[in-house]
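Undergrad: Chains as they are written, first to last, in this note's numbering: chain U, 1 to 117; chain D, 1 to 565.
The set of hints was computed from the structure by calculation and includes no laboratory data. Beta carbons: idealized from backbone N, C-alpha and C, even for Gly. There's no promise every hint is true.
[Unchecked claim] Derived pair list, reagent style BS3-like, types lysine-lysine, alpha-carbon separation capped at 30 angstroms: (1) K391/D <-> K316/D; (2) K299/D <-> K281/D; (3) K515/D <-> K493/D; (4) K247/D <-> K299/D; (5) K48/U <-> K493/D; (6) K165/D <-> K255/D; (7) K337/D <-> K515/D; (8) K299/D <-> K274/D; (9) K48/U <-> K165/D; (10) K48/U <-> K255/D; (11) K6/U <-> K30/D; (12) K97/D <-> K337/D; (13) K48/U <-> K97/D; (14) K255/D <-> K281/D; (15) K515/D <-> K247/D; (16) K299/D <-> K316/D; (17) K30/D <-> K97/D; (18) K316/D <-> K97/D; (19) K48/U <-> K391/D; (20) K68/U <-> K247/D; (21) K515/D <-> K316/D.
[To be verified] From the derived model, a few chain U residues whose C-beta atoms are all more than 12 angstroms from chain D: (22) T3; (23) E19; (24) D28; (25) H34; (26) A39; (27) S40; (28) R64; (29) R96; (30) G98.
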Amino acid sequence: MATLIKGRQVATGNPSSPEVLRLEPTDDPAAFAHRLAGASRVEVHFPKFGDGRGFSLGRLLRERYAYKGELRAVGHLTRDHLLYLERCGFDAFELRPGEDADEALAGFDVFSARYQR
Amino acid sequence: MYIYDEIDQRLVDERVAQFRDQTSRFLEGKLAEDEFRALRLRNGLYIQRYAPMLRIAIPYGLLSSRQLRKLADIARRFDRGYGHFSTRQNLQLNWPKLHQVPDILAELATVQMHAIQTSGNCVRNVTTDHFAGVAPDEIFDSFVWCELIRQWSTFNAEFSYLPRKFKIAVNGALNDRAATYVHDIGLHAVKRDGEVGFKVIVGGGLGRTPLIGQVVREFLPWPHLLTYLDAILRVYNRFGRRDNIHKARIKILLKEWGFERFRDAVEAEWAHLKDGPATLKANDIARVEARFTRPVYDKLGPHAVAYSAPGFDAWKRRNVHPHKVPGYCAVTLSLKKTGVPPGDATSEQMEAIARLAELYSFGELRVSHEQNLILADVREDALPELWREAKALGLATPNVGLLTNIIACPGGDFCALANAKSIPVGQAIQERFDDLDYLHDIGEIDINISGCMNACGHHHVGHIGILGVDKHGEEWYQVEIGGNQGEVRPGVKAALGRILGPSFARAEVPEVVEKLVDCYLERRDSDAERFVDVVHRIGIEPFKEKVYGNAHQRQASRNREPVVA
């Protein structure tokens with residue numbers, strides 16, 4: 001069972017929801033723009049460790065298309081990605097099975113400052 | 001020197017803790033091999049042929065005596081007492097132990113150093129002209145911009161998992177000493193009506209598919225530097241190929257899309273980012289500038305060096321460079337002594353160099369992409385004394401710009417990727433050309449050697465480039481000529497070399513170089529015309545003929561014995 005982190009806490013309850021939009025790394029967020037308002041959640045898929053396209057998609061969804069709802073990162077992710085995902089606008093993270101949730105939460109505290117605005 | 005502020009130091013310290021954690025998770029089996037690989041690489045740690053290799057960042061090549069002493073200390077305590085200065089202004093240790101790497105990083109952090117993003121698919125150490133801040137042909141000082149780019153790229157959340165590595169070079173002077181046309185992004189200083197800005201060059205690179213970069217913007221005003229980089233990187237991050245590691249660099253995207261489509265995509269992206277939060281303001285520049293210590297120069301007139309001694313004059317001619325402040329000069333300490341791997345320095349040498357920098361150059365030095373060390377602020381009247389000291393340390397080989405100033409990657413002696421050794425080839429060439437008068441007569445010529453097509457020795461831009469190739473398990477060498485790292489002087493622009501012909505056995509390489517040089521000497525108009533100028537004027541055919549003979553001779557030779565395979 002994959003661990004789900006929402007905000008900076010381990011989430012409980014049913015992770016599935018009917019109005020979910022799912023973006024693959026090759027998707028153009030502009031094509032989803034008109035559906036964002038009605039979505040209960042947007043998922044961005046990270047198919048491989050090291051595939052960073054979803055980071056750009058996260059920023060675009062938040063900054064250019066003003067998506068305000070839950071933005072969840074799913075796929076091959078470890079706690080090493082959490083802070084960067086958060087900085088790119090993600091607020092929910094589905095970790096791969098086997099990842100220790102408490103250890104993973106420490107991933108948010110790896111860096112206490114940033115250079116980028 | 002750039003002096004860390006509290007945040008710079010905290011981030012570097014936190015990086016040490018992060019890497020310590022990642023290393024122990026890997027050693028405990030909690031991180032898979034491929035996951036740890038991606039993480040350790042962005043901390044400069046490779047697993048090489050015989051041992052790990054750790055690449056330590058020397059941001060834009062600037063180093064203090066204190067830092068160099070620490071590097072000497074680390075090399076002695078954690079390695080075999082030497083390090084290798086690379087063509088990207090970094091220092092590589094070839095024999096560290098994996099479990100000790102976190103401790104090495106902790107030591108580095110005590111002198112404001114790190115190995116952040118010196119490898120991996122992220123923005124690498126930004127490089128610049130090794131005469132930044134002192135060159136008479138300076139347009140503006142590139143250090144502040146390099147530091148701003150360093151900060152922008154460090155732990156950049158969006159651009160930390162790019163399709164492939166990403167190298168940025170900044171050149172602040174008229175002449176291009178930073179090879180900006182063969183980087184993923186090259187930024188060239190421009191002043192327009194007194195306003196500071198950059199010419200933006202994208203898509204250059206060496207490696208398997210060498211390409212000269214293209215100008216996407218002739219003038220980018222400085223406030224927009226980071227938003228424009230964001231736009232380029234975002235286009236690359238989203239659309240760069242990830243299906244084939246050999247086609248993943250930005251140059252391939254540019255090539256496959258074509259220049260106009262690429263430029264339009266960047267400009268369209270930038271239209272959204274322009275004037276956004278990442279736009280630079282005057283106080284951003286002032287904040288970074290204030291962290292740089294700058295030399296306080298004595299008020300001197302130009303000094304005519306009256307001293308003369310055998311060897312001194314040649315050294316002064318080759319290894320001493322002009323400075324924008326009267327009475328001062330820059331001095332290259334050569335790490336290219338014959339018989340020593342190019343760019344290698346022992347701990348003892350590093351300590352001695354740190355002392356020289358303190359005595360003669362405000363306690364600072366630079367690493368050049370030609371793998372030498374430079375004292376950038378030396379009083380001209382101190383030259384005779386400095387020369388004697390450097391000579392005693394074996395650092396005064398008067399060969400900067402000359403044939404024996406060979407650039408070479410570590411090659412098959414150290415590197416798991418290499419097809420062939422590069423260091424012994426360089427040594428054999430140096431031994432063949434050990435007559436200094438002859439070397440001076442030949443004049444400026446860049447020889448670059450790479451042990452494989454990854455081109456760490458930048459062979460594509462050597463006036464003579466030598467590439468190690470594998471032929472049925474044997475080491476052979478392909479030779480190209482006419483490459484040029486950039487317009488280091490007005491004339492030949494950045495160019496890629498052209499392959500001369502079939503490759504050679506290692507023992508043949510020095511003779512091939514000699515024939516190429518002979519051909520050049522026969523054909524040059526004057527001493528002022530360099531090897532590369534002649535190649536560009538007359539083409540490679542005469543050189544080819546000199547090396548392989550004419551078609552008839554080539555056929556005869558093939559019938560006799562396969563000397564040339």
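Undergrad: For each hint, tell me whether it holds in the structure or not.
TA: Hints, verified against the model:
no.	hint	in the structure
1	K391/D <-> K316/D	12 angstroms, holds
2	K299/D <-> K281/D	33 angstroms, violated
3	K515/D <-> K493/D	25 angstroms, holds
4	K247/D <-> K299/D	54 angstroms, violated
5	K48/U <-> K493/D	41 angstroms, violated
6	K165/D <-> K255/D	17 angstroms, holds
7	K337/D <-> K515/D	23 angstroms, holds
8	K299/D <-> K274/D	44 angstroms, violated
9	K48/U <-> K165/D	17 angstroms, holds
10	K48/U <-> K255/D	26 angstroms, holds
11	K6/U <-> K30/D	23 angstroms, holds
12	K97/D <-> K337/D	29 angstroms, holds
13	K48/U <-> K97/D	29 angstroms, holds
14	K255/D <-> K281/D	34 angstroms, violated
15	K515/D <-> K247/D	36 angstroms, violated
16	K299/D <-> K316/D	22 angstroms, holds
17	K30/D <-> K97/D	20 angstroms, holds
18	K316/D <-> K97/D	41 angstroms, violated
19	K48/U <-> K391/D	54 angstroms, violated
20	K68/U <-> K247/D	36 angstroms, violated
21	K515/D <-> K316/D	29 angstroms, holds
22	T3	14 angstroms, holds
23	E19	26 angstroms, holds
24	D28	9 angstroms, violated
25	H34	18 angstroms, holds
26	A39	21 angstroms, holds
27	S40	25 angstroms, holds
28	R64	6 angstroms, violated
29	R96	10 angstroms, violated
30	G98	9 angstroms, violated
Against the hints set out earlier in the document, violations occur for numbers 2, 4, 5, 8, 14, 15, 18, 19, 20, 24, 28, 29 and 30.
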